[in-house]
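K.L.:
Residue numbers (numbering that gives the first Met the number 0), protein chains in the order written: chain Z, 0 to 339; chain A, 0 to 339; chain H, 0 to 339.
The set of hints was computed from the structure by calculation and includes no laboratory data. Mixed in with the good hints there might be a few duds.
[Claimed, not checked] Keeping only pairs whose Cα atoms sit at most 25 angstroms apart, straight-line, the calculated DSS-like set for lysine-lysine is:
#1 H/2 to A/191
#2 H/338 to H/324
#3 H/191 to A/324
#4 Z/311 to A/191
#5 H/191 to A/191
#6 H/191 to Z/1
#7 H/48 to H/82
[To be verified] Partial chain Z-side listing against chain A, Cβ under 7 angstroms, derived:
#8 29
#9 174
#10 182
#11 185
#12 190
#13 193
#14 269
#15 310
#16 311
#17 325
Even glycine gets a Cβ: it sits at the ideal position worked out from N, Cα and C.
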Amino acid sequence: MKKTLQEIAQYLGGSVYGDGEAMISGLATLDDAGEGQLTFLANPKYAAKVATTGASAVLLPEGSDPHGHNAIFHANPYLAFAKLLTLFYTQPPAPLGVLPGAFVAEGAKLGADITVHPGVSIASGVVIGDRVTLHPGVVLYPGVTLGDDVTLYANVSVRERCRIGNRVIIHDGTVIGSDGLGYAPDGNSWYKIPQIGIVIIEDDVEIGSNSSVDRAALEATRIGRGTKIDNLVQIAHNCVIGEDCMVCSQVGISGSTRVGNHVIMGGQVGVAGHVKIGDGVVVAAKSGVPNNVAAQQMVAGIPAVPHREWLKVSGSLPKLPEFRKALHALEKRLDALEKP
Amino acid sequence: MKKTLQEIAQYLGGSVYGDGEAMISGLATLDDAGEGQLTFLANPKYAAKVATTGASAVLLPEGSDPHGHNAIFHANPYLAFAKLLTLFYTQPPAPLGVLPGAFVAEGAKLGADITVHPGVSIASGVVIGDRVTLHPGVVLYPGVTLGDDVTLYANVSVRERCRIGNRVIIHDGTVIGSDGLGYAPDGNSWYKIPQIGIVIIEDDVEIGSNSSVDRAALEATRIGRGTKIDNLVQIAHNCVIGEDCMVCSQVGISGSTRVGNHVIMGGQVGVAGHVKIGDGVVVAAKSGVPNNVAAQQMVAGIPAVPHREWLKVSGSLPKLPEFRKALHALEKRLDALEKP
Amino acid sequence: MKKTLQEIAQYLGGSVYGDGEAMISGLATLDDAGEGQLTFLANPKYAAKVATTGASAVLLPEGSDPHGHNAIFHANPYLAFAKLLTLFYTQPPAPLGVLPGAFVAEGAKLGADITVHPGVSIASGVVIGDRVTLHPGVVLYPGVTLGDDVTLYANVSVRERCRIGNRVIIHDGTVIGSDGLGYAPDGNSWYKIPQIGIVIIEDDVEIGSNSSVDRAALEATRIGRGTKIDNLVQIAHNCVIGEDCMVCSQVGISGSTRVGNHVIMGGQVGVAGHVKIGDGVVVAAKSGVPNNVAAQQMVAGIPAVPHREWLKVSGSLPKLPEFRKALHALEKRLDALEKP
Numbered sequence: 000m001k002k003t004l005q006e007i008a009q010y011l012g013g014s015v016y017g018d019g020e021a022m023i024s025g026l027a028t029l030d031d032a033g034e035g036q037l038t039f040l041a042n043p044k045y046a047a048k049v050a051t052t053g054a055s056a057v058l059l060p061e062g063s064d065p066h067g068h069n070a071i072f073h074a075n076p077y078l079a080f081a082k083l084l085t086l087f088y089t090q091p092p093a094p095l096g097v098l099p100g101a102f103v104a105e106g107a108k109l110g111a112d113i114t115v116h117p118g119v120s121i122a123s124g125v126v127i128g129d130r131v132t133l134h135p136g137v138v139l140y141p142g143v144t145l146g147d148d149v150t151l152y153a154n155v156s157v158r159e160r161c162r163i164g165n166r167v168i169i170h171d172g173t174v175i176g177s178d179g180l181g182y183a184p185d186g187n188s189w190y191k192i193p194q195i196g197i198v199i200i201e202d203d204v205e206i207g208s209n210s211s212v213d214r215a216a217l218e219a220t221r222i223g224r225g226t227k228i229d230n231l232v233q234i235a236h237n238c239v240i241g242e243d244c245m246v247c248s249q250v251g252i253s254g255s256t257r258v259g260n261h262v263i264m265g266g267q268v269g270v271a272g273h274v275k276i277g278d279g280v281v282v283a284a285k286s287g288v289p290n291n292v293a294a295q296q297m298v299a300g301i302p303a304v305p306h307r308e309w310l311k312v313s314g315s316l317p318k319l320p321e322f323r324k325a326l327h328a329l330e331k332r333l334d335a336l337e338k339p
Numbered sequence: 000m001k002k003t004l005q006e007i008a009q010y011l012g013g014s015v016y017g018d019g020e021a022m023i024s025g026l027a028t029l030d031d032a033g034e035g036q037l038t039f040l041a042n043p044k045y046a047a048k049v050a051t052t053g054a055s056a057v058l059l060p061e062g063s064d065p066h067g068h069n070a071i072f073h074a075n076p077y078l079a080f081a082k083l084l085t086l087f088y089t090q091p092p093a094p095l096g097v098l099p100g101a102f103v104a105e106g107a108k109l110g111a112d113i114t115v116h117p118g119v120s121i122a123s124g125v126v127i128g129d130r131v132t133l134h135p136g137v138v139l140y141p142g143v144t145l146g147d148d149v150t151l152y153a154n155v156s157v158r159e160r161c162r163i164g165n166r167v168i169i170h171d172g173t174v175i176g177s178d179g180l181g182y183a184p185d186g187n188s189w190y191k192i193p194q195i196g197i198v199i200i201e202d203d204v205e206i207g208s209n210s211s212v213d214r215a216a217l218e219a220t221r222i223g224r225g226t227k228i229d230n231l232v233q234i235a236h237n238c239v240i241g242e243d244c245m246v247c248s249q250v251g252i253s254g255s256t257r258v259g260n261h262v263i264m265g266g267q268v269g270v271a272g273h274v275k276i277g278d279g280v281v282v283a284a285k286s287g288v289p290n291n292v293a294a295q296q297m298v299a300g301i302p303a304v305p306h307r308e309w310l311k312v313s314g315s316l317p318k319l320p321e322f323r324k325a326l327h328a329l330e331k332r333l334d335a336l337e338k339p
Numbered sequence: 000m001k002k003t004l005q006e007i008a009q010y011l012g013g014s015v016y017g018d019g020e021a022m023i024s025g026l027a028t029l030d031d032a033g034e035g036q037l038t039f040l041a042n043p044k045y046a047a048k049v050a051t052t053g054a055s056a057v058l059l060p061e062g063s064d065p066h067g068h069n070a071i072f073h074a075n076p077y078l079a080f081a082k083l084l085t086l087f088y089t090q091p092p093a094p095l096g097v098l099p100g101a102f103v104a105e106g107a108k109l110g111a112d113i114t115v116h117p118g119v120s121i122a123s124g125v126v127i128g129d130r131v132t133l134h135p136g137v138v139l140y141p142g143v144t145l146g147d148d149v150t151l152y153a154n155v156s157v158r159e160r161c162r163i164g165n166r167v168i169i170h171d172g173t174v175i176g177s178d179g180l181g182y183a184p185d186g187n188s189w190y191k192i193p194q195i196g197i198v199i200i201e202d203d204v205e206i207g208s209n210s211s212v213d214r215a216a217l218e219a220t221r222i223g224r225g226t227k228i229d230n231l232v233q234i235a236h237n238c239v240i241g242e243d244c245m246v247c248s249q250v251g252i253s254g255s256t257r258v259g260n261h262v263i264m265g266g267q268v269g270v271a272g273h274v275k276i277g278d279g280v281v282v283a284a285k286s287g288v289p290n291n292v293a294a295q296q297m298v299a300g301i302p303a304v305p306h307r308e309w310l311k312v313s314g315s316l317p318k319l320p321e322f323r324k325a326l327h328a329l330e331k332r333l334d335a336l337e338k339p
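Model the full assembly from the supplied sequences, consistent with the hints where possible.
P.N.:
Right, here's the structure in full:
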């Protein structure tokens with residue numbers, strides 16, 4: 000694809016500086032961009048690199064110095080660049096139909112313009128929308144439903160009766176609807192509590208690779224519209240995750256916990272079971288959240304406390320051995336003063 | 000399935016309160032249950048919900064207030080409800096045999112009444128018991144043995160010569176018997192130590208999705224009878240895990256560690272290599288266990304200490320910045336006193 | 000395989016003590032070894048076991064007491080034993096070609112002496128070297144390249160255009176090249192940033208089971224030559240990992256972080272995004288690394304500090320409640336002294 004700088008500026012809603020007729024045929028980073036390529040500056044930390052980039056044009060925050068380059072000024076260069084990447088580099092794959100080597104049970108209902116690769120298994124009672132792509136090794140158990148424009152990458156499995164909305168993307172190896180860890184103590188051993196609920200994944204959710212979302216014991220584990228989940232994440236049974244959340248890699252959310260909308264969790268966060276995380280909460284990476292968190296709080300630490308508090312605590316921690324010494328010194332001084 | 004309240008009480012060994020002829024056709028939570036459904040109260044925290052539930056009957060701890068509902072009183076309503084779920088909602092699947100699209104090597108021995116789905120690979124020398132179900136994409140490497148009544152969900156792989164007992168359930172994507180992380184330093188690089196041992200999984204074990212249990216370097220990594228392991232758990236090479244343990248999601252147990260019976264580990268716990276965890280130990284979520292833990296201890300923290308101690312420490316932690324101030328204040332007061 | 004002790008000593012470059020004609024037909028641990036087997040002592044902690052082992056010979060550090068056993072003395076018994084394991088127990092599998100039930104797209108280029116198991120999917124544009132083994136369920140997306148002597152275990156998937164070097168081993172269920180967690184905030188929701196980069200895995204890398212290495216947003220996520228990565232590890236997009244590193248299980252490395260050569264990370268370590276970890280750094284298990292770490296440092300804790308500091312801090316932590324009491328006691332004593 001080739002476009003003039005002017006065409007691109009118009010597409011993005013930005014303004015051109017320099018030569019609007021410059022031809023752009025690709026996108027790259029400040030460091031790597033060369034002739035014919037457009038790059039972008041989002042983080043002011045890297046502003047100095049604009050001067051030295053080999054790019055033919057730069058997408059810049061309004062008011063930045065283009066250092067003599069052709070440029071597009073835009074209110075949100077990061078978002079604008081993402082939209083250009085979509086324009087230049089992505090296109091819906093041509094549908095290939097059900098390819099030889101795919102196993103489709105009788106009675107499964109398949110939408111239009113789908114691609115089902117070799118090695119896919121589709122069980123009875125499955126319903127699939129239009130423009131769905133199922134990569135090799137995807138397994139859809141009985142009664143699963145997928146909306147339109149869903150992409151499931153290789154070896155994803157979706158267990159019995161789970162429901163997946165429109166425009167959902169799930170990366171390789173992720174499991175939707177495995178049994179929750181539910182057992183009742185029965186004397187010396189554990190009695191398995193049948194997990195008869197399902198998982199509901201709403202529209203526009205994306206889930207990374209090798210993650211696990213467990214089915215509910217009785218009702219539904221739910222991932223809200225627009226929420227993005229990274230790799231190797233555990234969502235336990237009965238959880239309800241809100242809309243437009245961002246859950247980073249290796250997070251674990253224990254059973255029956257409710258997470259509000261627009262919540263962000265850093266990598267390796269753990270959340271206890273049966274707690275409520277309010278809307279807009281941010282949990283710093285590696286934190287452990289044992290209790291409810293009110294909306295709009297930023298929390299950190301194990302156990303998690305308000306982020307400001309945690310900064311003070313973690314700042315004091317390395318001084319703990321000094322405190323010990325200081326305490327002993329004070330005790331000695333007091334001993335001396337108290338001597339008759 | 001439909002049963003009278005009286006029939007259910009008899010099945011469970013409980014006593015009926017109210018109308019023993021009430022028909023029960025399903026089970027649900029206190030919040031969701033309606034006409035014809037039975038619900039249960041296990042956690043006294045939710046006792047108030049009994050008054051407002053729409054259920055036709057409630058399974059209650061002996062001595063509870065049924066709030067005018069039909070009820071079954073039982074010593075252990077949680078376990079009783081689990082048994083009802085099994086009765087109402089689970090049944091062994093009808094065996095389908097080896098379905099087209101499954102790959103079975105010559106010389107593999109298959110038991111009676113099994114189901115082998117399309118896309119399963121069974122290598123030479125594999126021995127499979129009766130009533131085994133292998134979902135699509137399961138891979139059994141050469142020499143693997145499975146007992147009776149085993150269920151392996153989609154894309155589980157069991158590596159060379161590993162042995163799996165009776166009634167074992169393994170959820171989608173879990174890997175049994177991948178190589179342990181064993182290397183000998185060889186000058187600047189790492190020399191791979193061949194991992195020639197196996198994994199032995201004893202009877203009645205259940206393992207969640209996307210977990211990894213590594214084969215031993217020389218002998219056997221072992222998971223004891225009745226132990227339940229959650230999703231995304233790492234069991235490293237040479238570990239011996241006892242019986243009836245409960246290992247929550249994202250736990251990692253390092254190589255050659257020995258875990259006793261009835262041990263419970265919360266989510267995201269890490270245990271060092273070559274340590275011994277005694278029988279009945281409970282490790283709180285997110286803890287890091289660097290050393291041996293004596294039987295029947297509850298431990299928490301990084302590094303893990305007795306739970307009571309950890310509660311005091313973690314309770315004191317947020318006050319650390321105050322301590323610092325208090326120390327400085329004391330120093331000033333002492334300075335003043337010491338002035339001649 | 001059978002060899003005399005003398006032959007083995009010669010192969011390893013060690014010296015025989017006792018009967019050089021003793022026949023060795025297998026290897027085992029000090030505890031388990033019996034007649035005809037050779038064992039080894041690497042950790043002096045277990046030296047007492049040499050006296051009681053049933054082995055026919057022992058591989059010992061120079062100068063150790065053989066306790067009357069036949070022995071080979073060697074400067075590095077651990078490495079020597081690993082080499083013997085390779086000699087006795089491993090051999091390259093006989094190539095079987097492309098087996099029935101494998102799906103190979105037209106235009107894929109396959110090397111000599113390969114084995115492609117049933118259920119493997121090889122897309123168009125894939126290039127595969129010689130002596131490659133692809134276990135069942137492996138999925139190679141369009142444009143992937145594999146070097147020579149590569150082994151991919153069951154259900155590994157390698158996404159579009161990723162490049163894998165020579166002698167690379169990847170264990171079951173691992174995903175190479177899933178999309179990085181890249182989104183631009185777009186008002187209330189997240190706009191997906193197309194991840195158009197790749198993953199490059201250099202020669203002699205080994206990756207465990209169920210790990211995830213994300214493709215770069217624009218360029219390449221890179222795993223350096225000889226680096227060994229364990230199970231359930233997350234390597235986020237744009238990371239560059241150096242050579243001969245050892246990354247233990249459940250480690251998570253956030254986006255765009257650069258890790259030097261010969262770095263060792265213990266289990267469950269988390270590293271923030273956009274940081275630099277110098278050559279030879281050791282990060283203790285369960286640590287959280289928020290910032291750059293200079294070369295040759297050993298760090299520990301959350302947040303990670305120099306290991307020596309952390310030992311002092313974590314040693315003082317359990318005494319925190321005592322400090323609190325001591326502070327109060329000092330305050331009272333001062334109150335008394337200050338009374339007029």
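K.L.:
Identify every previously stated hint that the structure contradicts and give their numbers, smallest first.
P.N.:
3, 4, 5, 8, 15
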